[in-house]
Amino acid sequence: MSPSSPTQPSELARHIKARRTELGLSVEALSQRVGIDPAYLHYFEESPSATLSAGTLLLVAAVLGTSPRALGAPEPPSVLGNGRAGHHPELLALTTEQCEAHLAAGGIGRVVYVTDRGPVALPVNFEFSEGSVVISTNEGKAAALAAADVVAFEIDRVDATVNEGWSVLVSGRALRITEPADRGRLASLDLETWAGGGHHELVLITPTEVTGRVIVQRVIQEPA
Amino acid sequence: MLRTDQRGSWILGRRTCLGLLAAAGADGRLGHLAVCADGVPHITPVNFRAVEATVFVRLGPGFFSEHLDGVTTSFEVDHASTPARRGWSVVATGPARLLDLEEVARLGRNLPSPIVLRPGMHVFSITLDAVSGRAVRHEFTSQGLLPTSLWDEDWTH
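Protein chains in written order, with this note's numbering: chain H, 20 to 243; chain P, 16 to 172.
The shape of chain H in the complex, shown without the other chains:
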């Protein structure tokens, strides 16, 4: 039984608006800080049913100096480690073909290289082309990656609600793409551009090792 009628803003929307107002932030200021359309935030704050994605909600809460739970968001359906009764998660190895199939989907991964001060892990958009991982980065990072003997690259997807998922690890040499012909060929990939502007260097990671793991739920049959 919801305390609000169907035409009232949702509890979450009311809490966000109240906290935003308390901090003296306009709708425009908050939406700028979390990277959403101000028109949508206006709509959300008045709507009984509009939603924010889980990731956006995390950012909204953090910008407002609070937590999703304190804003009235429900608990996530399940927390990792609290598996369903009778289901026992296990880790299994993925085959190279399965790893490459996950890589082929592209998306967001993390690349790691070593500096004097330790490792650096960075999120990057990537594509998988002709057996190599293609990323784009700025001049300095491209130079650091190419100078490294070996770099690591990781992708994963885990669904916390069912405790299932996979991860793929790649290690290999990073190579800057400088030839215009290569740049042109790789630019024709369907690569998403996140933060536009500026000059970007393409970096190709040629794998020397690709490994992957999958979490599977083994169902234990309970005696009847």
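Hint data in this document are derived by calculation from the structure and do not stem from the laboratory. The C-beta atom is built at its ideal place from N, Cα and C for all residues, glycine as well. Don't take every hint at face value.
[What the hints assert, rightly or not] Residues from chain P that keep clear of chain H, each with C-beta distances beyond 10 Å, as calculated:
(1) Val-66
(2) Glu-67
(3) Ser-80
(4) Glu-81
(5) Glu-117
(6) Glu-118
(7) Leu-122
(8) Gly-123
(9) Asn-125
(10) His-137
(11) Ser-140
[Stated by the list, open to error] For the chain P half of the interface with chain H, some residues (derived, Cβ under 10 Å), not all of them:
(12) Trp-25
(13) Ala-37
(14) Ala-41
(15) Pro-56
(16) Gly-135
Based on these hints, arrange chain P on the given structure of chain H.
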């Protein structure tokens, strides 16, 4: 006060970053832990808990468990909404330390719950010295055909 980097991404302040880590960890989101061993970088997905500027991870026996104590690590969490082309990331660095049983017992509900529980798990703390974060918004994505790093900025302040 609201700063952008040269790519047009919003720079998230330290407090916002730590708030994101705390909430994301409690939600069961994955973080990514990177270490360097013999000059070679390694990374693994982990679930975690964050309290203020400390991240707690629990690891089973294996490479990371053996190489984490006392070394500098890089810890990363990101979220991206692909159709809308926006999201955020936090990248932090700091030393990891193996916790003793008393320290683990004091963690209580801040003890991370790994997806796959195995015997012989160890709990480590990571003290976040340098923390930086970015939020990327969709208005800045219209230029260029080349891929760009999502949040490709200096991780130090």
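Against the structure, the hints come out as follows:
1. For P/Val-66, the requirement that its beta carbon stay farther than 10 Å from each beta carbon of chain H is met, with the minimum near 12 Å.
2. The claim that P/Glu-67 is not at the interface with chain H holds, since no C-beta of that chain comes within 10 Å of its own (minimum 13 Å).
3. No beta-carbon of chain H is positioned within 10 Å of the beta-carbon of P/Ser-80; the least distance is around 14 Å.
4. Separation of P/Glu-81 from chain H is adequate, the least Cβ-Cβ distance of about 16 Å exceeding the 10 Å criterion.
5. Taking the minimum C-beta to C-beta distance to chain H, about 22 Å, the non-interface status of P/Glu-117 holds against the 10 Å cut.
6. Under the 10 Å C-beta cut-off, the non-interface status given to P/Glu-118 relative to chain H holds; the minimum distance is some 20 Å.
7. Interface exclusion of P/Leu-122 from chain H stands, the closest Cβ pair being 14 Å apart, more than 10 Å.
8. For P/Gly-123, the non-interface assignment is confirmed: its Cβ lies about 14 Å from the closest Cβ of chain H, beyond the 10 Å cut-off.
9. Listed as outside the interface, P/Asn-125 is consistent with that label: its C-beta sits roughly 13 Å from the nearest C-beta of chain H, beyond the 10 Å cut-off.
10. The beta carbon of P/His-137 is kept farther than 10 Å from every beta carbon of chain H, the shortest such distance being approximately 16 Å.
11. Under the 10 Å C-beta cut-off, the non-interface status given to P/Ser-140 relative to chain H holds; the minimum distance is some 16 Å.
12. Satisfaction of the interface hint for P/Trp-25 is found here, the shortest Cβ-Cβ separation to chain H being roughly 6 Å, below the 10 Å cut-off.
13. This hint holds: P/Ala-37 has a C-beta 7 Å from the nearest C-beta of chain H, less than the 10 Å allowed.
14. Evaluation of the P/Ala-41 hint against chain H yields a held restraint, the C-beta minimum of about 7 Å falling below 10 Å.
15. Annotation: interface hint on P/Pro-56 holds; nearest CB of chain H at approximately 4 Å, less than 10 Å.
16. Against a cut-off of 10 Å between C-beta atoms, the interface hint on P/Gly-135 is violated, since the closest Cβ of chain H lies about 15 Å away.
Going through the hint list in order, the structure does not satisfy hint 16, though it satisfies all others.
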